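Asker: So you can see what is in the structure, the chains are spelled out below.
There are 2 protein chains.
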Amino acid sequence: MKLYDYAYSSAAYRVRIALNLKGIAYERTTISLIKDGGQQHSEAYKAVNPQELIPALDVDGHVLGQSLAIIEYLDETYPAPPLLPSYPVEKARVRNIAYAIACDIHPVNNLRMRAHLKALGHSDEEIMAKWYAHWITVGFSALETMVSTSKETGAFCHGDTPTLADICLVPQMANAYRFKVPVDAFPTLVRIDKHCRAQPAFAAAAPEKQPDAV
Amino acid sequence: MKLYDYAYSSAAYRVRIALNLKGIAYERTTISLIKDGGQQHSEAYKAVNPQELIPALDVDGHVLGQSLAIIEYLDETYPAPPLLPSYPVEKARVRNIAYAIACDIHPVNNLRMRAHLKALGHSDEEIMAKWYAHWITVGFSALETMVSTSKETGAFCHGDTPTLADICLVPQMANAYRFKVPVDAFPTLVRIDKHCRAQPAFAAAAPEKQPDAV
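Top line first, the protein sequences correspond to chains H and C.
For the first sequence, the residue numbers in this note's numbering are 66 to 279.
For the second sequence, the residue numbers in this note's numbering are 66 to 279.
One or more hints might be untrue.
The list makes no distinction among identical chains, and a pair is therefore deemed to hold if it is satisfied within one copy or across any two copies.
Claimed, not checked - Pairs of lysine-lysine, DSBU-like flavour, derived with a Cα cap of 35 Å:
| hint | residue 1 | residue 2 |
| --- | --- | --- |
| 1 | Lys183 | Lys216 |
| 2 | Lys216 | Lys245 |
| 3 | Lys183 | Lys87 |
| 4 | Lys195 | Lys87 |
| 5 | Lys195 | Lys183 |
| 6 | Lys183 | Lys100 |
| 7 | Lys245 | Lys67 |
Please keep in mind that the hints were generated in silico from the structure rather than gathered at the bench.
Keep in mind that this is a model prediction, so the values were computed, not measured.
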């Protein structure tokens, strides 16, 4: 399979972690979100993914889009190790944490939002302080409550093995560190993120380890 | 089970459609996103859902948050009729469409985003024209390509039975109509939405049919 990837795309980072956890070898093609005004907007890439977003995964000519759809697909077709618990209520808890990041923090803050806010007249400083940091803080505050008050939280967000929730947490926490958003108020998230990043599958997926890292 | 619901929450609208398609009876509690400065921010509701978002579903004392996590839970525990196809590649296609709406259109445009844009100095008119309509148009343009060019599209987004993709499409299309965002450029989406709304499960879930509709 072939991953359309970009080192600093946090949605692509999620898929890289999942592929590594499953031990799946893959080719990669870099689609830079920066070069050429955003290579995801090229006619060639639009034919691959009409959403003009990274990542996409080509599996025998079937192109899958949306990082979480890709990861659910990988979890169904490569069941070991599982990225979701067995029981439906536990699965719902893991997906709740994952979507709280993947729906309510990340898309609101991604590159195209920041570019659009700039086009509406906001300075970079204002966007980072009053938008980017704001939504990470709102989102992480809820998540910290969710994980710190639950007996189901373990070394990872759910128990002692990595799940879809951790796969979403780590790239989002990387964004917080990269853009210097304070995370002191979220000690459980910080502890889980650190534990995840010590695992080889997470470490090898980090942006700075990718061939297009700068 | 008990749904924490609000007539005009499009994420809650999705869960109402799923409950109706499955034929599951449920109690409801209204959490108004408008009254009392937003009842989702009350201490009582924060104890139910730390994300302070609607919907939440209480199943025997387990509270599930995030509409898509709830719907996946319902689909696992009440398998008939299925809301996802059987084959993994087809499931990925349905989830791709669902997440293209639930991650990349809806959270960017919801009430808290519009309130925050207003706090940053934008007028209501500017927010609706240059933000709300913008992201619906960007999102629907990609979706129209995805559904109009695929042989897997049928009477519904995927084949001839409703899936998670339709459950996400209909509330998003309702938002477009409500706020007069032009949809003429998206004939396949308009056609599928109309077909969905003719089904009793979709019709009964519409905002104007809920007891707290105004």
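Asker: None of the hints should be skipped; say for each whether it holds.
Answerer: Results for each hint:
Taking CA atoms no more than 35 Å apart as the test, lysine 183 paired with lysine 216 passes in neither setting, with 43 Å inside one copy and 39 Å between copies. Taking identical chains as interchangeable, the C-alpha atoms of lysine 216 and lysine 245 lie at most 35 Å apart only when both belong to the same chain, with a minimum of 30 Å there against 46 Å between chains. For the homomeric pair lysine 183 and lysine 87, neither the shortest alpha-carbon distance inside one copy (39 Å) nor that between copies (44 Å) is at most 35 Å. In this assembly of identical chains, the alpha carbons of lysine 195 and lysine 87 never lie at most 35 Å apart, being 38 Å within a copy and 42 Å across copies at closest.
When the C-alpha separation of lysine 195 and lysine 183 is checked against a cutoff of 35 Å, the pair qualifies both within a copy, at 13 Å, and between copies, at 12 Å. For the identical chains of this complex, lysine 183 and lysine 100 are neighbours both inside a copy (18 Å) and across copies (33 Å), given an alpha-carbon limit of 35 Å. In this assembly of identical chains, the alpha carbons of lysine 245 and lysine 67 lie at most 35 Å apart only when taken from the same copy (33 Å versus 40 Å across copies).
Of the numbered hints given earlier, the model fails hints 1, 3, 4; all others are met.
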